[in-house]
Amino acid sequence: MTTQSYLPVPPGVGMEENFLSLDDILLSQEKLPTRTECVFPRLGFVEKTSDTRDIPEGTKMEMPLWLAKGLYDNKRRLVSVEQPKIYRQGWRTVFSADPNVVDLHKMGPYYYGLGSQLLHFDSPENPEIAQTVLQTYIGRFRRIMDSSQNAYNEDTSALVERLDVLERSLFRTGQAGLNDFQRWEKGQASQITASNLVQNYRKRKFPDLEA
Amino acid sequence: MFCEKAIELIRELQRASDGQLPAFNEDGIRQVLEEMKALYEQNQTDVNEAKSEGRSDLIPTIKFRHCCLLRNQRCIAAYLYDRLLRIRSLRWEYGSVLPTSIRFHMCAEELEWFNQYKKSLATYMRSLGGDEGLDITQDMQPPKSLYIEVRCLKDYGEFEIDDGTTILLKKNSQHFLPRWKCEQLIRQGVLEHVMS
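Which chain is which? The protein sequence lines are W and B, in order. Quick note, in the UniProt record's numbering, the first sequence goes up one by one and the last residue is 211. Quick note, in the UniProt record's numbering, the second sequence goes up one by one and the last residue is 196.
The following block holds chain B by itself, in its conformation from the complex (with noise of 0.2 Å):
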């Protein structure tokens, strides 16, 4: 039966239900493409033959391909789509900087889109709250304290406050450090919230 390697391409992404990034599947597209390719120019030949000779019976075969050419396309499409939503949901679990080891599993033109994202978002949020902007990946529940108490999880190494002062981030110290300014390492999970 055809589109076997299409539902394979969405049974990957399946298995990584808590919106994991896996390898970009090069290889399948690229074997879900060349199906396409082969599906359309039979179709094209028959089309032909039918119109040529008037073989009508060749309409159901005709019909049979392109629901398996409608199939890849969908597969193909819900593929990238969901891709693009894992990574997407990159941006606001990790920040603006991704690890080596996530963007090796990007395509070029996934770390292109990335890019993009990146880009407007931060557009998005200069033009808020007036000249300074307001930066809407922080504070995503609602703040209780200005300050927090903080134990570092790992050797992160120095970390500088607005005050200029630096602190050495070092695995097992605790620290009472502004929230806006641990929010980012403690989602990292370089830094990990001390509740009294």
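Pulled out of the complex, with its shape left as it was, chain W reads as follows (with noise of 0.2 Å):
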């Protein structure tokens, strides 16, 4: 079995996030439409395309997740968060006809993350939300696993070009297996092999440090 040493921070699990997490902290840039509630006085600046020193109460805007969670409160002082178009009514009409024709890369590409951060703004639509985002999993989930089960050593671009990030890390879990498998049943799993890691340096060569 090929040993792995650098053991990144996962991403957390359901409605939390890990802070070390370099794919939680990616997740929560992503933007979501929003609308202010108040005055943000002096900060005119950041709505670029307002030309007042302030921004004003009722400014439509996109606002990374972890700006939105940041103001947030269930009163609705400050902001007031809107779901993106792909986690209302019509899609979700779309992802239960058919969750495996959605491309989930365009869609998102984190669909199942930004999904379950929402559920933190209250909207009376997070249960319909929630049920959506799971079946839209569990729908999906036996393509996944069977074509990463049965992909051996060929080209696999077509089969995770429509999967969203969550997806994609699931089906390079089953294919890492997969090769461990063929690995062992060849009869390799007891050859010592060169790391990864070092395979990689050599191949990069530090570009920049020859510039």
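Think of the hints as simulated: they come from the structure by calculation, not from any bench. Hints should not be assumed to be uniformly reliable.
[As the list claims (entries may be wrong)] Facing chain W, from chain B, some residues (calculated, C-beta under 7 Å):
#, residue
1, Ile-10
2, Gln-14
3, Asp-18
4, Gln-20
5, Pro-60
6, Thr-61
7, Cys-67
8, Arg-71
9, Arg-86
10, Ser-89
11, Glu-93
12, Gly-189
13, Met-195
[Unchecked claim] Cut-off 25 Å, straight-line C-alpha distance, at most; resulting in silico cross-link-like pairs (BS3-like, lysine-lysine):
#, chain 1, residue 1, chain 2, residue 2
14, B, Lys-5, W, Lys-31
15, W, Lys-69, B, Lys-37
16, B, Lys-118, B, Lys-181
17, W, Lys-69, B, Lys-63
18, W, Lys-203, B, Lys-154
19, B, Lys-37, B, Lys-63
[To be verified] Stretches of chain W that chain B covers, calculated by requiring three or more beta carbons in the stretch to come under 8 Å of a beta carbon on chain B:
#, segment
20, 4-11
21, 15-22
22, 34-46
23, 66-74
24, 188-200
We treat Cβ as the ideally placed atom computed from N, Cα and C, and that holds for glycine.
Put the complex together from the two separate chains, hints included.
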């Protein structure tokens, strides 16, 4: 089995984020449609489309998730958050019809992550959003598992093209398992190999130092 | 929008997803810290104004800047921590002596951390297995035999084995050597384990 010594902080599960996880930090960079519920004095320059000194009340702007989470409270005194299109009724129906045809990479690429995080903002539609995200995952899982366990030594780009970030990491795990098993079957499991890290350093050869 | 530089640092690490260590972005860190200083000072001013002149309308703005400060702090902490995880894995993949090219990518504090980590690991290994200690960086997979067949992938020079004899490791030469002497060199890509 290939030993892995770089073990990054994994993303959080469900509605939780892991503070030090690079994946969760990038997830929380995704933008949400929001509306200011009060004036934000002296911050006009942040909202580049306006020329005013302050951000007026009722401004519609795209805010990164981390900022929306930080400013949101259940009385909506500072901001209110709208659901992005793909989590709303129309798209939810499409997902429930056939989850396998949807290009979740284009729609996301953090479809499951962002969908889970949306649940932090109280909305009457939250139960439906949660259900749709879950059912979509259930609907697509079988195909991802099958393809990751059967694609050996071939170009998998067509298979991962329409997967979101979570699904791609599942696919990679499946492939790693498959490759390890094949190595074991061939009797190569006891072969000591050069570490992947070393091989990659050799290949890259530090181009920035040669500049 | 604030915190753009901070997220760039994170993206830089995410691009090297295989665990490689990119160069330490000293400039990037400096810029994030400067932005944090500016945000903090602006908030100090506004907090004083809000208290002395009763301007509670400034509170949303103060909260906004505070969120940005927390975000920058999170990004820097995650950046530094993830780099340490990569540096730690270097000890296990490369051994205790790092090539200069990799050392260039580390800042002084990271080099210091690596040295301390090496020492802690060595102390721990010495404390195992009675008087001799136990090298746990060997035998990462259960060994099947004491001696293995290896082929040299590049010219390495002379190599001494336990009974005193020296072997010349020249490119493409093949040898039958004790496993525990070769493991390190195989992981470093100098030798190749030949399976019969």
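Evaluated hints:
no.: 1; hint: Ile-10; in the structure: 5 Å, holds
no.: 2; hint: Gln-14; in the structure: 5 Å, holds
no.: 3; hint: Asp-18; in the structure: 6 Å, holds
no.: 4; hint: Gln-20; in the structure: 6 Å, holds
no.: 5; hint: Pro-60; in the structure: 5 Å, holds
no.: 6; hint: Thr-61; in the structure: 5 Å, holds
no.: 7; hint: Cys-67; in the structure: 3 Å, holds
no.: 8; hint: Arg-71; in the structure: 5 Å, holds
no.: 9; hint: Arg-86; in the structure: 6 Å, holds
no.: 10; hint: Ser-89; in the structure: 4 Å, holds
no.: 11; hint: Glu-93; in the structure: 4 Å, holds
no.: 12; hint: Gly-189; in the structure: 4 Å, holds
no.: 13; hint: Met-195; in the structure: 5 Å, holds
no.: 14; hint: Lys-5(B) with Lys-31(W); in the structure: 17 Å, holds
no.: 15; hint: Lys-69(W) with Lys-37(B); in the structure: 23 Å, holds
no.: 16; hint: Lys-118(B) with Lys-181(B); in the structure: 20 Å, holds
no.: 17; hint: Lys-69(W) with Lys-63(B); in the structure: 12 Å, holds
no.: 18; hint: Lys-203(W) with Lys-154(B); in the structure: 15 Å, holds
no.: 19; hint: Lys-37(B) with Lys-63(B); in the structure: 16 Å, holds
no.: 20; hint: 4-11; in the structure: holds (count 5)
no.: 21; hint: 15-22; in the structure: holds (count 4)
no.: 22; hint: 34-46; in the structure: holds (count 7)
no.: 23; hint: 66-74; in the structure: holds (count 4)
no.: 24; hint: 188-200; in the structure: holds (count 13)
Hint compliance for this structure: every hint is met.
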